[in-house]
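Got chain G sorted already, so can you dock chains H and C onto it with the hints?
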Amino acid sequence: MASSVALFVPCYVDQFFPHVAIAALTVLERLGIQVDVPEGAACCGQPAANAGFAREGHSTIARFVDVYAPYERIIVLSGSCAVHVKQHAGEVAAHGGRTDSAGAGVAERTTEFCSYLHDELGVDWIAGLGATYNGCVAVHIGCHALRSLGLARPSELQVRPFDKVRALLGAVRGLEIAELTRPDECCGFGGTFAVGEPAVSTKMGRDKLRDITTHGAQAVVSTDMSCLMHLDGLARRERMGLPMYHVAEVLAGTAGTR
Amino acid sequence: MSATEQSARDAILAAVREARPPAVARVEAPAPTPMVGSSGRSLTDVFTAAAVASGADVTVCSRDDVARVIEAALAGARSVLSFSDFAPSRQCPPSDLHALAALDALVCDTTLGVAENGAVWIASSSDRLRAALFLAARVVVVVMEKDLVDDLHAAYARIDVRAHPFGAFVAGPSKTADIEQSLVIGAHGPKALSIVVVRT
Amino acid sequence: MTQRSFELPVVGAGPRVDHAAAAAAFNADVARTDWHDASLWFVREKRDRAAGAVPDWEALRDRASAIKEHALTHLDEYLVRFEENATQNGMQVHWARDADEHNRIVHGILSAAGARKLVKSKSMLTEECGLNPYLEARGIEVVDTDLGERIVQLRGEGPSHIVMPAIHLKKEEVGETFHDKLGTPAGLADPNALAGAAREHLRQRFLAADCTLTGINFAIAETGGFVVCTNEGNADLGMALAPIHIASVGIEKIIPRVEDLGVFLRLLARSATGQAVTAYSTHVHGPREGQALHVVLVDNGRTRQLAREEFWRSLKCIRCGACMNTCPIYRRSGGHSYGSTVPGPIGSVLTPGLDLDRYASLPFASTLCGSCTAVCPVKIDLDAQLFRWRQHVVESGKVSLVKRVAIDGSTRVFDRPRLFRVFGALARVGLRLLPAPLARRAAGAWGRTREAPVPPSQSFRSWYRHHRGGQG
Chain G
1 MASSVALFVP
11 CYVDQFFPHV
21 AIAALTVLER
31 LGIQVDVPEG
41 AACCGQPAAN
51 AGFAREGHST
61 IARFVDVYAP
71 YERIIVLSGS
81 CAVHVKQHAG
91 EVAAHGGRTD
101 SAGAGVAERT
111 TEFCSYLHDE
121 LGVDWIAGLG
131 ATYNGCVAVH
141 IGCHALRSLG
151 LARPSELQVR
161 PFDKVRALLG
171 AVRGLEIAEL
181 TRPDECCGFG
191 GTFAVGEPAV
201 STKMGRDKLR
211 DITTHGAQAV
221 VSTDMSCLMH
231 LDGLARRERM
241 GLPMYHVAEV
251 LAGTAGTR
Chain H
1 MSATEQSARD
11 AILAAVREAR
21 PPAVARVEAP
31 APTPMVGSSG
41 RSLTDVFTAA
51 AVASGADVTV
61 CSRDDVARVI
71 EAALAGARSV
81 LSFSDFAPSR
91 QCPPSDLHAL
101 AALDALVCDT
111 TLGVAENGAV
121 WIASSSDRLR
131 AALFLAARVV
141 VVVMEKDLVD
151 DLHAAYARID
161 VRAHPFGAFV
171 AGPSKTADIE
181 QSLVIGAHGP
191 KALSIVVVRT
Chain C
1 MTQRSFELPV
11 VGAGPRVDHA
21 AAAAAFNADV
31 ARTDWHDASL
41 WFVREKRDRA
51 AGAVPDWEAL
61 RDRASAIKEH
71 ALTHLDEYLV
81 RFEENATQNG
91 MQVHWARDAD
101 EHNRIVHGIL
111 SAAGARKLVK
121 SKSMLTEECG
131 LNPYLEARGI
141 EVVDTDLGER
151 IVQLRGEGPS
161 HIVMPAIHLK
171 KEEVGETFHD
181 KLGTPAGLAD
191 PNALAGAARE
201 HLRQRFLAAD
211 CTLTGINFAI
221 AETGGFVVCT
231 NEGNADLGMA
241 LAPIHIASVG
251 IEKIIPRVED
261 LGVFLRLLAR
271 SATGQAVTAY
281 STHVHGPREG
291 QALHVVLVDN
301 GRTRQLAREE
311 FWRSLKCIRC
321 GACMNTCPIY
331 RRSGGHSYGS
341 TVPGPIGSVL
351 TPGLDLDRYA
361 SLPFASTLCG
371 SCTAVCPVKI
381 DLDAQLFRWR
391 QHVVESGKVS
401 LVKRVAIDGS
411 TRVFDRPRLF
421 RVFGALARVG
431 LRLLPAPLAR
441 RAAGAWGRTR
451 EAPVPPSQSF
461 RSWYRHHRGG
471 QG
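Chains as they are written, first to last, in my numbering: chain G, 1 to 258; chain H, 1 to 200; chain C, 1 to 472.
FYI, nobody ran anything at the bench for these hints, they're computed from the structure. For every residue, glycine included, the Cβ atom is placed at its ideal position computed from N, Cα and C. Honestly, I wouldn't trust all of these hints.
[What the hints assert, rightly or not] Sample of chain C residues facing chain G (criterion: CB under 8 Å; computed from the structure):
#, residue
1, N27
2, D48
3, I329
4, R332
5, S333
6, T367
7, L368
8, F387
9, V393
10, V394
11, E395
12, P453
13, P456
[What the hints assert, rightly or not] Capping the alpha-carbon separation at 25 Å, the derived lysine to any residue pairs in SDA-like fashion look like this:
#, chain 1, residue 1, chain 2, residue 2
14, C, K181, C, A208
15, H, K191, C, A193
16, C, K171, C, D29
17, H, K191, H, A101
18, C, K379, G, G90
19, C, K46, G, R153
20, C, K46, H, A53
21, C, K181, H, E180
22, H, K191, C, G183
23, C, K379, H, P21
24, C, K46, H, S182
25, C, K379, G, Q87
26, C, K379, C, G274
27, C, K46, G, D211
Bound-form chain G, shown alone:
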């Protein structure tokens, strides 16, 4: 196995938010991490699986396993894709005639961008990026990143509070964080939910935006571009003038420069 790190850029980030992937790559490279972005697996299979087509989407995650199996660390630029890989790549060995345990290994070695920075590089190292951002932002941690990957303490759990995303953003000079009334309420994207249940999805998004703007935030920073695609779509329709950034953009110093 190569001693190496791969970055997985999910399909929708690749297509719609290339600047976010560039920012993530930039951050990793500046931190001295040698990163590959291998070709051959555009998607992890999550959209299909969440829509109920996990069996049909199996070849997608099997391809993901094939492409990423050689890497020691697989950094996923999306909380929900990372969770999907961690929870379902292990099933690859049990399907499709495969007999090796490549899937389980890939699941084990897969992490999410912010988790990787916080857990494996450490906040002190991140501070070395010297990022600055002048303004007050709302932080939105995607639900899978929050509750499955443990990026912060979900408000439901009665355990000691922690928040890895805030810890990372604490290394950004000038950045203020607005306190929301419901800091970890789902934004309402939910993959096909956004189009399958458009009324509730829209209402959830609008409520989230109201929570964000009434607490003085002038931008939104998130771990997940899928949440932001939804929130940004609503905010632009309402002409709210509320920019949205991935954590990687803030750390790379490219937030607000486009």
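Using the frame of chain G, we list chains H and C on its own:
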């Protein structure tokens, strides 16, 4: 049991046996941290606060003052059914349970109060006490301070639920919030619960 | 593994539930949706405070889950032990395979005693069994006595929440209902006055009843007794006065020991309403003098759910309703939008097991945010079970149904070429399985309220080839 019910019983048990997931062993977990023990407050203080939160009123008094405190809690009640040595019954309705609907107040003792939730354990084989506990307009309960325990785990370790056909943890008066979450005291049962804690 | 293969749920007669359509109708009144959401969130916050006050709350959840898993995996033994001990305590134990058998047993007890007036305290099981209409058709007067249940009964509705049955109604609406049915003054909308009127009205029914029916929160195998929890004291009035008491209970409600109650009662009310404990936690270990006490153990699909390797843990549920209060979809679509006795996340994993065809849309009424799983006092992996039900909906050949329920029908995308490009791209790279017409519909559902992302001049992949060509 009818033949139909016998076959239903057999069918359900057979289906359960067929369906049973792989056995999960019973885990004897250590008892959780006692609430009061970890709070640094006295059992009586914690009990009082919890009982008040449940809508009860609580008076802590010495043994000499119990009768007076009960009388004050009765708030001029005319008909009183008492199962406590600290207070006499008066103008009690006849023995028919339904007649207890006219009862102003019930007084009874308890052998257990639970600090974590302010509940008192009322267990009895008396159908009159049981009916009065829910029909009376107000209920007064006397508990000895030494009979307060930390939490429900401690409570269950002390009581025998089989001793009587009826036993209840009672926390405050009856209440409902079924209309727009507005708390209304006195839904079907008593509109007031007074607890007298006797220093021991 | 001793698990049998997945058994396809039966196909029922009811109309298919279209959660998305019902939710859209609910959301048409924005102010009301906000009000409903805020009401439930208020309860969620109370739950957080109550849970936070208990040291080792998370350990208590672990323990509750472990007890339930142990009980369910030894359910036959505990059922038999409960029956033995309950019989010794003077109770008559009945067994019902399904709703119809349950209703016939209850009616049989009533008619054998010549009983005509039944007061019920809240029992989701009898809702599930459709007991009220069954008995009413046979001349029995059935009065639901829980205030919320009575309100919806008078309105001819079902409960919209398993703990707060009338949470969807405003006090003015309750006032109108009471004015019509109970003769309270027109315009009366004060909760205290309305509850007072219900108290008087129901007190008469309690005193006149010749039978009471209650649910059971916990049936104790070790002692043959059971526990009923209420705040109103309605179950207790019925049990303390009526000459006959029937207690209906799903077979999954058995717990092994008395000491287990310490775990469950600490969790139940705190999770449900944020109270430390309900006003009354009543333990019954036999009939009153001269009273007949019947316990009806009901299967009605529970053994089928127990046989499903992926879903049996849903039977751990203690019916606290916390998953509803926290669910962002429930809060913004109302309990009736689920079209099932038990709504919300737990309803969406239980009811597809009863009738997959009818409830196929429910597993999709979720963003899989996982908040339900995190509040559940018995740690049911609700979001994972919703995900698994989605697979079964598709695998059982209901793909066309999925298309219908999961994808909004609008085709306004033709007005929005950019949206189509976006969803076309998504369909190419990610949603390969969605045929082009479906991608178009998805774009329509997206675009009614949301702008599409602005397509960049080049994809990341293409940028990467240019700038890091040698590395990829």
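Status of each hint after checking the structure:
no. : hint              : verdict
1   : N27               : holds (4 Å)
2   : D48               : holds (7 Å)
3   : I329              : holds (5 Å)
4   : R332              : holds (5 Å)
5   : S333              : holds (6 Å)
6   : T367              : holds (3 Å)
7   : L368              : holds (6 Å)
8   : F387              : holds (7 Å)
9   : V393              : holds (5 Å)
10  : V394              : holds (4 Å)
11  : E395              : holds (7 Å)
12  : P453              : holds (4 Å)
13  : P456              : holds (5 Å)
14  : K181/C <-> A208/C : holds (19 Å)
15  : K191/H <-> A193/C : holds (14 Å)
16  : K171/C <-> D29/C  : holds (17 Å)
17  : K191/H <-> A101/H : holds (13 Å)
18  : K379/C <-> G90/G  : holds (23 Å)
19  : K46/C <-> R153/G  : holds (18 Å)
20  : K46/C <-> A53/H   : holds (13 Å)
21  : K181/C <-> E180/H : holds (19 Å)
22  : K191/H <-> G183/C : holds (23 Å)
23  : K379/C <-> P21/H  : holds (17 Å)
24  : K46/C <-> S182/H  : holds (14 Å)
25  : K379/C <-> Q87/G  : holds (18 Å)
26  : K379/C <-> G274/C : holds (18 Å)
27  : K46/C <-> D211/G  : holds (20 Å)
Consistency note: the structure conflicts with none of the earlier hints.
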